[in-house]
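With the sequences and hints as input, model every part of the structure.
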Amino acid sequence: MSEAISVLNGATFDGFVSIKEAGLRGMISVRGDFAAASFTKAVSALTGADFPAVNEAKFAGDYAILWMSPDELLILCAYENAQADADKLAADLAGEHALVANVSDARALFAMSGELLREALMKLTPANVSEDAFKPGQVRRTRLAQAAAAVWMLEDGSVEIMCFRSVGDYMFKLLCNAANPGAELGL
Amino acid sequence: MSTRLANGGRLLNKSRALSFKFNGRNMMGYEGDTLASALLANGQVMMGRSFKYHRPRGVVASGGEEPNALLGLGEGGRFEPNQRATTTELFDGLVSASQNHWPSLEFDVGAINSKLSRFMPAGFYYKTFIHPRAAWKHLFEPIIRKAAGLGAAPKDRDADRYEYTYHHVDVLIIGGGIAGLAAAKSAAAGGVKVMLVEQNAHWGGRAPVDGAVIDDMPAQDWIDATVDELSALDNVTLRTRMMGAGVYDHGYVTCYERIADHTPGDGRPRHRLWRIRAGHTVTATGAIERPLSFAGNDIPGVMLAAAVRDYAVNWGVSVGDRTVVVTNNDDAYRTAIAMKKAGLDVPAIVDARPSVTSALAQEARDLGIRIAEGSGVAKVLGGKCVVGVEITSQAGEGAARETIACDAVAMSGGWSPVVHLWSHCGGKLIWDETHSHFRPDPDRAPLGDKGQAFVTTAGIASGAMSTVDVLTDAYAAGKTAAKAVGGKATRKGAPKAAAEDEQDMAAVWLMPQGAGYDLRSKTWLDFQNDVKVSDVQLAAREGYESVEHTKRYTTLGMATDQGKLSNINGLAVLADALDKEIPQVGTTTFRPPYTPISLGAITGEARGELFMPIRQTPMHDWHVDQGAYMEPVGAWRRAYTYPLKGESHEEAVNREVKNTRENLGLLDASTLGKIIVKGPDAGKFLNMMYTNMMSTLKPGKCRYGLMCNENGFLIDDGVVARIDEDTFLCHTTTGGADTIHAHMEDWLQCEWYDWKVYTANVTEQYAQIAVVGPNARKLLEKLGGMDVSKDALAFMEWKDGTLGGITARAYRISFSGELSYEIAVPANQGRAFWDMCLEAGEEFGLMPYGTEGLHVLRAEKGFIMIGDESDGTVIPQDLGLHWAISKKKEDFLGKRAQLRGHMTDPDRWSLVGLETLDSSVIPDGAYAVEAGTNALGQRSMIGRVTSSYYSANLDRGIAMGLIKHGVDKMGDVVEFPTIDGTGSVIKARIVDPVFYDKEGAKGNV
Amino acid sequence: MLILECPYCGVAADETELSPGGEAHLVRQGPGSSDQELESYLFGRKNPKGVHFERWRHSYGCGKWFHAARCTMTLEVFATYSAQTPVPPKNVINAIKAKRPDWEGWT
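Chains as they are written, first to last, in my numbering: chain C, 8 to 194; chain U, 21 to 1025; chain P, 8 to 114.
If you are wondering where the hints come from, they were derived from the structure by calculation, not from laboratory data.
Mixed in with the good hints there might be a few duds.
Stated by the list, open to error - Far from chain U by the CB rule (all over 12 Å, computed), these chain C residues:
| id | residue |
| --- | --- |
| 1 | Glu63 |
| 2 | Asp69 |
| 3 | Lys95 |
| 4 | Ala118 |
| 5 | Ser120 |
| 6 | Glu122 |
| 7 | Thr132 |
Claimed, not checked - DEER-style ranges, computed between Cβ atoms:
| id | chain 1 | residue 1 | chain 2 | residue 2 | range |
| --- | --- | --- | --- | --- | --- |
| 8 | C | Phe58 | U | Glu670 | 58 to 68 Å |
| 9 | P | Pro27 | U | Ser39 | 32 to 42 Å |
| 10 | P | Pro27 | C | Gly144 | 31 to 41 Å |
| 11 | P | Pro27 | C | Ala43 | 26 to 36 Å |
| 12 | P | Ser26 | U | Ala814 | 53 to 63 Å |
| 13 | C | Glu103 | U | Gln472 | 38 to 48 Å |
| 14 | P | Arg35 | U | Glu562 | 48 to 58 Å |
| 15 | C | Ala43 | U | Gly892 | 35 to 45 Å |
We treat Cβ as the ideally placed atom computed from N, Cα and C, and that holds for glycine.
Printed below as a string of structure tokens:
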């Protein structure tokens, strides 16, 4: 099997925050009925993570469950296991009305870290990313400049940012530009 | 002449001298100077020429309201025209130049317009350039174009960086004078998140200049203490050099931060546009002094009284040695007193009020200044500088009582609150008779998303005219704001100021009040646009009653200062001419931004490679490395063709399409939309989405489908594959992926929400590669993996497996008529698969082909393309696609609309092939015309070309087009007039749109 | 620049994170409808000065369509609510009436 290569192959940038293309990550898009115990159980059984509340991310080891919409989750997992995990979940949900799709290759993923990362984000999104409004364990789907993105906070000073693969190059340049030394807001 | 004083200049750091250039001359200033104060210090009062008459113009104000001192700043990539000298901080090495003159500032040929001014009244352009028409093109326009405009447009690419910042605060306070500071104190005490912004580099506004005393301290001490106190609070952010530019719906406020204007090239962004969502906004924006309307009030050296004082106190600059103060209010007396105390002459205070007995007047008298009561200026004497004033009785018609020699005139017509930000989003104004100004009506504030008032004014911006009132009003405004966002109202009292005993002003809109035409036609209202009292009066006589119409007719207030100095005076003149009250006439609309902001700030980061997101396929880099010519397709960039060395694009396309039909072509088709539709009701749902029946499609099979909107028009097409009983994969056009996904979700969420269907847009999960041509199967067999033989994978079937060791799904579908497979592989292995194909395909004559080749190949087969054959007004029936429109289905989107009379009209144009008689290529979009002429003597249009290409495989031009009764006219010849002006026509025969391999033998292998 | 709260994810969404979808509560007219009904469905749109019901999609967020009841004059937002309601729900009507007693009601 040919080696899979992520969109920017791990590119990095050090500005007033650091930015790194996070490489390959398994991603499984799941749609279903959140009110059905069989659905939430299947998802938690696969990931070992708690089922997230609205706009939440729940983590467990290699796995995470991100709340995307009232009937859509994104499961993060190891890239190599994504298809097997997706197949397993689909099998567990057989007979229910649900959709499971491996979308690991459809996205670009970036890690941004640093004390001032809220300042870098503020330049790009109309979403409120202040301490009061955006906290560790939260997911915010929004736009960063002109591209759709999802941002979730791992811990204070560390977020992951996901966008469509085709705009990965734009997103990386955009994040680097926002993090340019000298452009700190000094708030 | 203006000069630097030995003393004074509270904002200057005299230990740091700065050198700068004006019109090529080297000058010196100090740190803390504005460009305007530094120019004045160097004796340069005249700083530009007016727009229409090219009259000499000196600086008139000391802040953002300045209409005259507009300069070109910087050089090369940092050159910017029309920058106000009054708001430009001086830095070492600054380069500036005056504008709107030729050959020089001192001698300007265009000034002849001034001599002709009585022949260029209001509406001159409208009146003059109507007749004769030829004169417009050959005479007027070239002259106007040469003369128009202030500064020159920059020629070089902007060297600086710009950015946005989105911010959320509870209370935003705009203006860092004592009102803003007091409001910030009380808002902060409410425990809410406060941001206070000030457009200048210094806090405190005018209070220190005016000598206010607050909480028993000199104003400056109180300001310093308050700034220190606020800085120490966690819930307060303070920022200077940041102007409130606009207030918009739902608490949205833009602020313009000038980060590096005074430190160019230091690596920081030059400007930052803040886009702030504020729970409540306090506008502590101060007030602007009005000029007085007297003849010659535009001569360099005539300035606003407060500006004269600012230059002396803030920057240690005297505008003249002998300054006549002319006023209708007490405030200007402070200027006279400041001048006198600086050791300068004030020959007289000319006061329009009949009798002045206030404390300030007494102080002036005590300093020995003569006060001419009940008097006005008849006219100012001088050309490029003031040499004197003629004094007259304000009540009269302008007969000179005496002439006073002077070199500066400080005028004050009263103060107008800066109501712009209040008004931007609907805040209403009331007319204040006492102070002759419009001020915000607190009962009619701009309303937010919950219907709540979301702007409160503070200080003089509210119309509070004394320091005591300013502080009380502003402190209350801060409290109101904090409470509005859920904070608590502080119980502490407002800062206290020493009482100021001022005498009421008198409304003076023309000086003297009976000035005759000669004087009125030299009395300027709008200094930049050259609008005089006589122009507004003329407009009124000609029937312009609305202030908005008068503005546009006379251009009053339409200059870059947007009438900050001229509007109130202008509409007072208009009201008088119309014999109406001022509030009846009303104001013109206040629109953002408050003062001009840079295009760079508006653009933010969106320039160069960040101008817009360019979507790239997994094979993008390969295409670029190959030197492919890339074309935009939606936001994607796709390879149009891959020219070899020395090959034209045309030659490359011809080679690619021939090779694909003869050997093997490879196409990056990754951009095609791919949407999973899954659920027990998926078939039923797709039956509604597509015109054809999709529910009967068998798993493992593919079907070409058409989508229409509810209006019946064709919007998208593509191949649908049924994956299993519950699951379909719908291919869309490149441009359609996102819109069709959204379209599906719209119907699922809003109309058929009880249907059990989920969709997922997996377009980017896959790199999709079309392997096309007689050798297609050989290549896949060489890569090895799944069985792609004719029997194992028949036409319009798909299967999963591996190819060359990569997980792949192969669709046996064809958009070229050739033996063709579209292979979907995980995007992250797309490039590897592509490279593998290139290498393995070499022995089979493989060449990649681009989007133009794709077009030629599909046109040779008569396949339609969304956006070429369809344009939003075409229904599938027009394209002869009846076979793809189900007659069995009761309903699908667009079905009802396609039954309308116009849709079933036999006269609708229908799709046919077009073969030129001479084998040439018809221009794309050419129109077909009927033989003969119609009743109007014109040729009737009966169709148009929708696609037209040179087919290398057929060595001739081929085209498709929509022609009236086209399908009934096979073999007929239609004419397409050319647009080259020769009147020639291209003749083409109507034929079947399938030009190549009609029986479909090539794909059937 | 509006802010609308998405009733599905609770996010106070900036107007630039949303896509407008025109008038809400249209009733689809399919086969069997008269020409007049079809015309009104396709092209007849209210343009009120005052209370209005609109469709919006949280397109840069959770992707859900929702409805908003809004004043076209003051831009006051009375409520945002589920798109899966053929007519404005009672609580929305009440919320509007509380703010606009003279409103003639939904028709």
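Cross-check of the supplied hints:
no. : hint                            : in the structure
1   : Glu63                           : holds (21 Å)
2   : Asp69                           : holds (18 Å)
3   : Lys95                           : holds (17 Å)
4   : Ala118                          : holds (18 Å)
5   : Ser120                          : holds (20 Å)
6   : Glu122                          : holds (16 Å)
7   : Thr132                          : violated (6 Å)
8   : C:Phe58 x U:Glu670: 58 to 68 Å  : holds (59 Å)
9   : P:Pro27 x U:Ser39: 32 to 42 Å   : violated (55 Å)
10  : P:Pro27 x C:Gly144: 31 to 41 Å  : holds (32 Å)
11  : P:Pro27 x C:Ala43: 26 to 36 Å   : holds (33 Å)
12  : P:Ser26 x U:Ala814: 53 to 63 Å  : violated (42 Å)
13  : C:Glu103 x U:Gln472: 38 to 48 Å : holds (46 Å)
14  : P:Arg35 x U:Glu562: 48 to 58 Å  : holds (55 Å)
15  : C:Ala43 x U:Gly892: 35 to 45 Å  : holds (42 Å)
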